[in-house]
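Trainee: Please construct the entire structure, taking both the sequences and the accompanying hints into account.
Numbering (full-length UniProt numbering), first residue to last: 1 to 637.
Treat the hints with care, since some could be wrong.
[What the hints assert, rightly or not] For lysine-lysine, the following DSS-like pairs were computed, each having C-alpha atoms within a straight-line distance of at most 30 Å:
(1) Lys18 - Lys28
(2) Lys264 - Lys18
(3) Lys262 - Lys18
Just so you know, the hints here were simulated from the structure itself, not pulled from any lab data.
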Amino acid sequence: MPDNVYIDPDLLRQLAEKHDGIADDTRKWAQPPSDWLNAFPETYGKIAHPVHQALVRYYTARERAGNALADEHQYTANSLREAALAYERADQDGSRDIKLAGDNVNPQPMPQVTPGGPGTTPPSGPPGGGPAGTPPGGPAGGPSTGTGPNGAGPSGPSGPEGGPAGTDNGRPGSGVTGADTAGPGSVPAAASSGGPGATSTAPASSVVPPVGSIPPGGPSGGPGGGPGGGSFDERSGVQSSGARSDVPPMPVVTPFAAAVAKAKDEAAEPAYVVGDAVDEDLVLAKTLLGGVLAAADTTAVGLHWAVAVLRGPAGTGVFITSNEGRGWLPPGVFLPQEVSTPWSWDEVLSDAEEDGSPWEGVSDPARILVEFGLAWGPKAGARLSALVSSGPLDPSLRSRFADVPMEGLVGPSDDLDLRAFTVDTADRLGLTGSAAALQHVASVPDNRVRATCLDLATDAHAQVGRAGTTPAEAALSRGVRQRIIGLLQNGQEVPAALWRELRDADDLLAAAMLSRRVDVGRVEPGALRVDDNPALRAMVFERRCNELALLLADEPTRQQLRDAVYAHAQIVEHPQFVAAPAAVATAVDERVVRPAAPPTSVVAPGGQVSAPPPVSAPTVAVTPPATPPPGGPQNQS
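Mentor: Below, the structure is given as structure tokens:
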């Protein structure tokens, strides 16, 4: 997919000439046959007068319609010419601004070595910031005070003498100055800190994002880009926000925005009507879902995904979920950073009595997004504006939200390629992982990747086994998985047939989950609360254990490590997962052995043994006192 779009003004003018020709031909076609109509009464007589009147009305209406269509073509031609002229002017203005910005940047002084050695003062150059002097506005190495293109503010650090400003991200020519704390897709402000006296000659101005881009954070700062507002990825070394902070802010058309714009144009083509309205949010949702389905390498039965667009006063939020677990996302898919999942916002999903999974187990992923929109929309002032699903849509949703564009049974599409990692995308761990998990992945050295993946698979297998009874549907896959993990722990090679057996068992487990999911078509939207389903949750945990084991089939990479951490977190970080302590058992029965004394002869004492004499209680005579105790009553005569 191309990273940029090239527009030729001459091509726009050629298209304008074609529209002019179509307009002329349409007007000629729309002209009524006046000579034939005038001769019609004389040719056919008065008896054909009603027919003559009908023909006049028909050709008059056709002339009006033809002229209206010709006017639209003429309007399109004029718009194309104006667009070509606007592009040329913008190109000229951009060139002029770049030239002006380059003129304002003072060259950095080259280090000079004087005969006096270190510590001596180099000869001063001409005043005003010559080659050996200090540039105006601050010491050398501070940010330049020149104005960037289009007056966007300071044009960034002016030279290398200020020292490195951040960590190299490993890409050639990178100069990232640190972690970008802005939300995904946002354009950071240029560097403004520098040496004393550095000032900015232009006020701070915001850069309008390109058409099709999604503002970060969703409406009113709510969900729309993940809780962290950007995903840390150790492969780039910084918080990957799709923008660099050492260059002037410039609007960048991301591949996601370009694919949405292309899909919008293709959606408008079949009608062949100029200016025909195309729902942008529906096209956006379909493009994203089609790319996910094309990139997802899974054949699980009954697994579906859905995408919803929520629009509010602060912008647009895009959300995706599946009907497995808490919105499980497949490996090998790199989503735009503007995308989020409703399961990342437990403060919206949960209340005081439950732990954030009220819709887990619902068979329709579109219904999950609708329920999330009803729960989150009033808090952010947003409303559902588009909904698509890879499965069939419930008719009750169409009737309840008749004004919302919806589409079901969306298939894979190659308009958007989500199979490769780019600076404006993130994998499933980057979108949903916690900061601790991301830092843990970054701290694993390359020589420990395989061992860490095996540890995660072993730990998940053990914890799920201790947490509860294994469902009967998962017994086969659990047994095969146990054999694979045992072979890997012993350093032995796993036969290919055993890997195939585990994949087949996992497919059977996915098919068995169909009957466990809940159909909520008869429940009114907004009133849905699903009862706890521990059996289905246990089957989901077993599938994540299978996923962790299957990641070990090939030589693990750092991306597979990130996928393993995500699958492990789907188990241990589940709000309703309770880790059981490992049982303490001994390999053999333990017995307490005491040393025995040497055998000796026991001799009974001589003599007779008689009973002790009887013991009787002493006889005590108690006589009353002669005089009453002090303070007692006195006898009266």
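Trainee: Can you name, in rising order, the numbers of the hints this structure does not satisfy?
Mentor: Violated hints: none; all satisfied.
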